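K.L.:
Going line by line, the protein sequences match chains D and E.
Note that the numbering used here has the first sequence beginning at 3, numbered continuously upward.
Note that the numbering used here has the second sequence beginning at 1117, numbered continuously upward.
Quick caveat, the hints were computed from the structure, so don't treat them as lab data.
Remember, predicted model here, so these are calculated numbers, not experimental data.
Hints are not guaranteed to be accurate.
To be verified - Lysine-lysine pairs mimicking BS3-like chemistry, simulated, CA-CA at most 25 Å apart:
no., chain 1, residue 1, chain 2, residue 2
1, D, Lys46, E, Lys1158
2, E, Lys1158, D, Lys80
3, D, Lys46, E, Lys1184
4, D, Lys46, E, Lys1214
5, D, Lys13, E, Lys1158
6, D, Lys73, D, Lys17
7, D, Lys73, E, Lys1214
8, E, Lys1184, E, Lys1214
What the hints assert, rightly or not - Taking beta-carbon pairs under 10 Å as the criterion, some of the chain E residues facing chain D (in silico):
no., residue
9, Gln1154
10, Gly1159
11, Gly1220
Beta carbons are placed, not taken as given, at the ideal position from N, Cα and C, and that holds for glycine.
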Amino acid sequence: EAGVAQSPRYKIIEKRQSVAFWCNPISGHATLYWYQQILGQGPKLLIQFQNNGVVDDSQLPKDRFSAERLKGVDSTLKIQPAKLEDSAVYLCASSLDGQENQPQHFGDGTRLSIL
Amino acid sequence: EDQVTQSPEALRLQEGESSSLNCSYTVSGLRGLFWYRQDPGKGPEFLFTLYSAGEEKEKERLKATLTKKESFLHITAPKPEDSATYLCAVHPRGGFQKLVFGTGTRLLVSP
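Looking at chain E on its own, in the form it has when it is part of the complex (with noise of 0.2 Å):
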């Protein structure tokens, strides 16, 4: 069974700390791992596609990286508004895309 799991639950860092979250999955083949990010009371919002072990993707303070069991998402020199719930999803080998989401990471960034 396809599975994704991300830890830590929940981070809390002060501004400027930067830290990595942690996206580990158990897939019957990788056509494509996906990072979003979800604010209260909206939908997910899409921020990187990594396909293979060794790609990396950088957008502004993160970073996503991917080996062949996890996925990191690194946040450098954060600022309040990246406080966010960080989504991992995974889309298995098969025909159409159907992603296997994690429950996420929700990280609180203070001033």
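Bound-form chain D, shown alone (with noise of 0.2 Å):
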């Protein structure tokens, strides 16, 4: 079974440029989750979807930050513009159904450096 799958793997941008991440999902996966993972510390939800709609969205800074999951399947994370509190891991996450408790399954993540 392929896993998720994650690009680009890295990406070095200046403040206030935009950027994409792109992520594709284990196939049949009606969750996706992106998760930002700064140094040192765990990963934190920023927004959830379930199949094209989103449920969660929270902890998303709205007015920088957004994502689409077009189609229920591969999904963008977009930053614009950036901020250098945003140099992270950005993590894209799986699971069958996220009303039950399955265990989510993550890609390798984009590594974003803002210079």
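From these two lone chains plus the hints, build me the complex, please.
P.N.:
Printed below as a string of structure tokens:
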């Protein structure tokens, strides 16, 4: 079974620029999550999709972050404009059904550095 | 507010030296507690889910246990390949699964 795919693996931009990350979840997984992991911390949930609908975006800084999951499969996360404090690893995860207690499976993330 | 605290922050063991990692939690009803392993430059890898106090699960040299306030990850006779960061996360009672992670324990096993 193929895992969660993310790209790019690394991205370096200057502050105030924009950036986008892409995620392809495990086939058949209805629930998709985006996390932010700052160095030395655990992952923090940004947004959760069930199929192509948002079920939780309470911790997403909506003035600069946006995400979409068209057709309920792939997803993109965008930051515009980026700030220095956005430097982190952005992880995508998926699970069969977010309403059940099933494990989330993570991709290897995109490491974002803001200069 | 739901919180997860892991200790110690870092642990260095000799190969074969058994030890335990701690995960203390404060949550508004626990629907599940998850343990993940994270290698440098990789995403977290799922290890265990525990659902209720008294439950135990094992995988190779790892055993996870759960009480009403904390979980332990016991590592028996560790090997260098067990070196990683171990993350604990809780799923508070509610609708959709929303994991709250601790900051992790960095484990280094020396040969």
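K.L.:
Which of the numbered hints above does this structure break?
P.N.:
6
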